[in-house]
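J.: Given next are the chains, with one letter for each unit.
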Amino acid sequence: MSDLNDNFSSVSRKQVTELYLKVIRLIDERVAPYLGKATTRALVQGAARRVTNKYPFLSCLMKQPYTDLEPSIIQEQLSGVTPAELTAGLDALLDECFAGLRELTGDLIVPPLHREVTDQLRQLQ
Amino acid sequence: MESSVQSESQIRDGTHGSPRVYSGDHLPAIRRELEYINRIGKRFVAAIDRFQVHRALLAALQELYSFSACCILLKSDPYDLFIIPCYPLDAAFLESMILRIASAASVIDFPDINVSHLARTAYFDAPDELAQTRTPGSSSSTQIGACLNIPLTVENRIIGMLSLFDEKPGTFDAELLQTSTMIADYAAVALENVRLREREIALWRDAELERQRLELIIRSMAEGLLITDARGAIKSLNSSAQQLLAQVQIDFTLDIPLRQLAETSNVPWLPRLTEIIDMALRGKTVTNQELVAGLNHDAGEAVALTLSISAAPLHDASGTSRPIGVVAVLNDVTSNKQVERMKDEFVSVVSHELRTPLTAIKGYTQHLVRRIERRIRKLHVTQTRPASTSELPESYDLRSLNIVQSQTEHLERLVNDLLDLSQVQWGQLKLNYTTFYLADVLAEHVRSAQASAEQHRIRLDIQVASSKVTADSVRIGQVIGNILDNAVKYSPHGGQVIVRLTEQEDGDYLVSVLDEGVGVSPEHYAHIFERFYRVHNTTSHQYTGIGLGLYVAKAIIDGHGGRIWFTSNQGIGSTFHFTLPHTPQAKAPEGASGDI
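Line by line, the protein sequences give chains A and B.
FYI, in this note's numbering the residues of the first sequence are 1 to 125.
FYI, in this note's numbering the residues of the second sequence are 126 to 721.
If you're looking for bench data, these hints aren't it; they were derived computationally from the structure.
Possibly wrong hints are sitting among the right ones.
If you want the footprint, here are the derived chain B segments under chain A, 3+ residues with CB under 8 Å [as the list claims (entries may be wrong)]:
(1) 272 to 278
(2) 291 to 304
(3) 347 to 353
From chain B, some residues computed to sit far from chain A (all C-beta separations above 12 Å) [to be verified]:
(4) 223
(5) 236
(6) 282
(7) 376
Remember, it's a predicted structure, so these values are computed and weren't measured experimentally.
Glycine included, each C-beta is placed from N, C-alpha and C at the ideal position.
Please model the entire structure based on the sequences and the hints provided.
T.: Here you go:
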């Protein structure tokens, strides 16, 4: 997802957060019929745990399911984080989510979902 | 088997919100799928332990795929890994499987997963009836060809993970992923049910062990123990209680309330037992209630079987105020009572024996005092040169004899207290009523106390116009003497003691004795009128006494229908009060003569 970074330079942190939450919801929608509703939440939490060393501001996703987070609440925790840093962190998070999904199901559902997510990110920019 | 379940996007695209219509080609596939779901569902529902769940799972999955092994990782303390191979697998393959399981578990946030721990603790379960054979000619592989990991969820909670492995690549199919997840869901629910059942069995076993332990304790208790229900019917009694209650031919275990038993039987102590149990049923904890339950013939001689009963209400876990029963402990205190009686008899005999020499000492001392007084008077008259009376050797003798006399009176009071103790103990305290002036008795005792306590100031404060009363003047004097004795004893040198007589609103006289002593600390409040009770504290070591004065005083005042109590400010002093009706209010004790 790193090729998308540069295009987010002009948007706010709130917009970036909302965009990525939308994308994660898309993953959730697609994954839930295959692996159940709880899986995406656990995937996101696991992914957040792995990237939190590099992007500490994502630790909020580690402590609670992303579905419980409101962009306005995240804003408080993101003070001092630039939109570019946030985008990089959320990109890393998405990459880890896909890596995790691939760990679970191999290539059964990842390739088409990855394409769909990439398309959606492009459209929403 | 091919899945007919469509993904959400597929369904959205195909139906456009209108009811789903299946073509004739789909119906056999749906029927097959329903039959399959029904079949595997029944297997999981019938599974009563985790190995039956493993069999149901393996059988269901083998209808979808041909694979090498199925593994179940469960979150417990910390994790349980079950490996179910379909045929013998190479050790390297097994090792790779465990690595992949740990890796997949970490992506769905299983904390602290440890590969070596999993390898050490993994359980192997290989159902023979579901064992497969390898393709002829193929050899055991060390590499994983295909892997599928599905979280096991119950009510959106991940409880573990199902992992499927095969030596060949491309074994698992996206089309069958939903069906595999459905099977995993069945397995998750079945495993959770097994876990709950195991927990229930463990809890039940613990409860049963605890019950047996409790039963053993109750059975081996020397004390009798009985438990009643909310009606007061005995539901359980241990062997000690059975023995204690054995002398009456009543079956206490017939589920009949004690009150009903008491009404229909002529056992004299049953109403008392019923009364104790009823008190506890009303929510009150009662302790050490004595009950004489007939005669005990154990020692060859018939003695009253005396039980000390403590009973407490039983409340259920919901905390409702109404007790659901009573638990009562019965102690056989017959031998204690015998010892107590022997001790009282001994005290009584010794006191009587002491009284005779004391009377002689007192009499001869009085005689000597009078003789010396006469001699002093005579010397005073015959001496030509007047000298101070206090310089005469006879005067020294007189002072010494006065001390002997005072101490003899004190000793006599102690002996009398011991004799009174026996009378009070056995309800034989005699009161001889006469009409007299209370103020006179108070004045006499104040004078007497002052004579033997020169270092204290004892003041009499009479605040009534008339103090005419009908009572036992000797006993009332004894009460005042005992209280004054304590007041002087516990007051510092130079301390003031005030004896005040007032009249209460109800007309009763109120006598108050105020001292400037050490006071009484709160832990003694409840015991101060008990027999042989003495306040032991760092400052009371110097004080003598046997702890009977207030006990006897209370019995005397109770006998007159009055009341005795005290107020205390520790370090400042105490005030002992007693009330005395103009005429006796209570029934005179047995043997009392009434010249009122």
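J.: Please list, smallest to largest, the hint numbers that this structure does not respect.
T.: Hints 3, 5 and 6 contradicted; others consistent.
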